Amino acid sequence: MNCSQLITETDQIYPGMDREDASVLVVGMGATGLSVAHFLAAQAIRVMVVDSRKNPPELEALQSLLSSSDLSAGDFSAEFFDRATHIVVSPGVSLDLPELVAARAAGKVVLGDIDLFFCQINEPVIAITGSNGKSTVTTLVGLMAEKSGRKVAVGGNLGRPALDLLREQNIDLYVLELSSFQLDSCELLDAKVATVLNVTEDHLDRYVGFGGYLDSKKRVFNGTGVMVLNRDDPQVMAMGLADRSIITFGLSKPEAGHYGIAEFEGESWFFKDEQFLLPVRKLKIKGHHNQANALAALALGESVGLPMQPMLAVLSEFKGLDHRMQWVAEIDGVEWINDSKATNVGACQAALDGLSGKVVLIAGGDGKGADFSPLVEVVRGRVKAAILTGKDAKKMAQILSPVTEVINVADMHEAVLSAAELAEVGDTVLLSPACASLDQYSSYQARGNRFVEAVEGLVR
7 MNCSQLITET DQIYPGMDRE DASVLVVGMG ATGLSVAHFL AAQAIRVMVV
57 DSRKNPPELE ALQSLLSSSD LSAGDFSAEF FDRATHIVVS PGVSLDLPEL
107 VAARAAGKVV LGDIDLFFCQ INEPVIAITG SNGKSTVTTL VGLMAEKSGR
157 KVAVGGNLGR PALDLLREQN IDLYVLELSS FQLDSCELLD AKVATVLNVT
207 EDHLDRYVGF GGYLDSKKRV FNGTGVMVLN RDDPQVMAMG LADRSIITFG
257 LSKPEAGHYG IAEFEGESWF FKDEQFLLPV RKLKIKGHHN QANALAALAL
307 GESVGLPMQP MLAVLSEFKG LDHRMQWVAE IDGVEWINDS KATNVGACQA
357 ALDGLSGKVV LIAGGDGKGA DFSPLVEVVR GRVKAAILTG KDAKKMAQIL
407 SPVTEVINVA DMHEAVLSAA ELAEVGDTVL LSPACASLDQ YSSYQARGNR
457 FVEAVEGLVR
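The opening residue of the sequence shown carries number 7 in our numbering; numbering runs sequentially from there.
Don't read these hints as lab results, they were simulated from the structure. Careful: at least some of the hints might be erroneous.
[Stated by the list, open to error] Under the rule of at most 30 Å between Cα atoms (straight-line distance), these lysine-lysine pairs were calculated in the DSBU-like manner: (1) Lys157 - Lys60; (2) Lys153 - Lys290; (3) Lys259 - Lys278; (4) Lys157 - Lys259; (5) Lys278 - Lys292; (6) Lys60 - Lys153; (7) Lys364 - Lys390; (8) Lys153 - Lys325; (9) Lys364 - Lys60; (10) Lys290 - Lys397; (11) Lys198 - Lys278; (12) Lys288 - Lys259; (13) Lys325 - Lys290; (14) Lys390 - Lys400; (15) Lys390 - Lys374.
Predicted model only: the values in this text are computed from it and were never measured.
The task is simple: from the sequences and hints, build the whole structure.
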């Protein structure tokens with residue numbers, strides 16, 4: 007029986023999880039944990055929620071939903087794990103948590119919200135992952151579907167958790183951004199089309215080496231759907247399976263059935279096969295990485311039957327997302343760009359590659375165990391100074407100091423003031439940290455907002 011048939015043909019909402027006997031423990035009181043609790047409670051299933059934090063973000067909302075006896079904040083109560091028949095893990099919780107290892111050894115089922123989601127639907131799903139570009143491509147595809155007249159719901163790792171999307175009526179297409187952490191717990195994922203946009207070192211504080219991270223990303227291709235692969239990324243191309251339909255995208259001229267870029271009469275065009283689609287200059291989001299993102303979105307949309315013209319219209323209209331190569335201001339001939347979402351080395355590389363002229367780079371934060379040396383070549387000769395802050399600023403300084411001036415600062419305000427002193431007419435000041443934000447900020451959004459505030463303060 008197909009997993010999605012369970013909800014209509016049995017009293018189960020997941021294999022072995024029936025309404026009468028199941029007792030489900032949700033680990034994590036963030037947005038995903040709250041969405042799981044809401045969903046299970048609506049199905050009349052006994053639900054408990056635990057979190058090791060004393061004041062997790064959704065504790066108050068959960069207190070209004072569940073009995074206090076079914077909530078535990080501040081530690082992982084052994085009693086809750088013992089009582090559970092199934093355990094649903096939030097993406098921020100490692101599957102190597104000792105309590106989860108013990109639960110699996112005891113025969114308990116450990117799963118994530120994405121598998122629960124797939125058991126509730128029959129509609130097609132577009133699944134999008136990758137080290138960088140996920141949110142941009144997910145947003146583009148959602149807009150393309152809307153412009154094509156589809157009733158689409160967009161979420162997952164971006165915006166609303168997947169299970170919250172089930173509250174919408176008459177949806178005929180789901181577009182999900184999926185992180186490696188979400189994919190770790192996926193066994194039942196079967197998307198109509200899926201992509202790994204790219205892979206660079208990330209989250210090495212969570213995985214045993216780069217290979218473990220790659221294995222996680224590959225799980226997006228579970229099932230039988232179309233595989234959309236980046237032919238400019240050998241690691242991604244190696245994921246292709248001979249028995250599956252494959253569409254590739256890349257920054258070179260495409261072969262038949264694939265997407266790419268080629269020159270015609272001195273102008274770069276997006277192509278499919280030999281078909282002219284759109285001049286690259288019409289794309290408002292800048293950089294080679296965003297050209298690749300646009301091509302990926304077209305390939306994904308085609309795979310679920312979206313017509314080409316509405317998709318191209320979206321590409322020519324889309325101005326990008328906040329904190330992702332977001333133009334902030336031009337002050338005295340200097341451009342200021344907020345790329346706070348660049349939480350890994352690959353994202354910072356892509357941002358620098360997409361800019362012309364000299365750059366003053368603001369970077370640093372929690373490197374999550376990453377190797378910063380791939381930045382050396384893209385920084386050399388292009389970055390006139392690197393202004394560094396945060397937990398791994400010293401580690402980054404050791405790598406970059408042989409190829410550019412390095413300035414260590416205490417916070418974002420000081421970083422912006424230093425950048426303003428260094429930058430000259432025609433330069434770009436780029437916040438592209440190559441690191442996570444949680445050593446200094448609550449999120450990459452908070453970091454980006456602080457940058458924007460500091461830049462705006464220059465003209466007050």
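Here is what the structure says about each hint:
Restraint check for Lys157 and Lys60: not satisfied, since their Cα atoms lie roughly 40 Å apart, outside the 30 Å limit. Restraint check for Lys153 and Lys290: the C-alpha separation of about 18 Å stays at or below 30 Å, so the hint holds. For the proposed pair Lys259 and Lys278, the alpha carbon gap of about 9 Å is at most 30 Å, so the pair holds. A distance of roughly 33 Å separates the Cα atoms of Lys157 and Lys259; the hinted pair therefore is violated under the 30 Å criterion.
Between Lys278 and Lys292 the CA atoms are separated by roughly 20 Å; this keeps the pair inside 30 Å, and the hint holds. A threshold of 30 Å between alpha carbons decides the hint, and for Lys60 with Lys153 the separation of about 44 Å lies outside it, so the pair is violated. For the proposed pair Lys364 and Lys390, the alpha carbon gap of about 6 Å is at most 30 Å, so the pair holds. Our distance criterion of 30 Å between C-alpha atoms is met by Lys153 and Lys325, whose separation comes to about 16 Å.
Taking the CA atoms of Lys364 and Lys60, the gap is near 46 Å; set against the 30 Å cutoff, the hint is violated. Restraint check for Lys290 and Lys397: the C-alpha separation of about 34 Å exceeds 30 Å, so the hint is violated. This hinted pair checks out: Lys198 and Lys278 have alpha carbons roughly 21 Å apart, not beyond 30 Å. Annotation: proposed proximity of Lys288 to Lys259 holds, straight-line Cα distance about 18 Å (limit 30 Å).
Taken as a hint, the Lys325 and Lys290 pair is honoured in the structure, with Cα atoms around 6 Å apart against an allowance of 30 Å. Straight-line distance between C-alpha atoms of Lys390 and Lys400 comes to about 18 Å, which keeps the hinted pair within the 30 Å bound. For a cut-off of 30 Å, the pair hint linking Lys390 to Lys374 stands: about 26 Å separates their Cα positions.
Comparing the model with each earlier hint shows violations of hints 1, 4, 6, 9 and 10; every other hint is respected.
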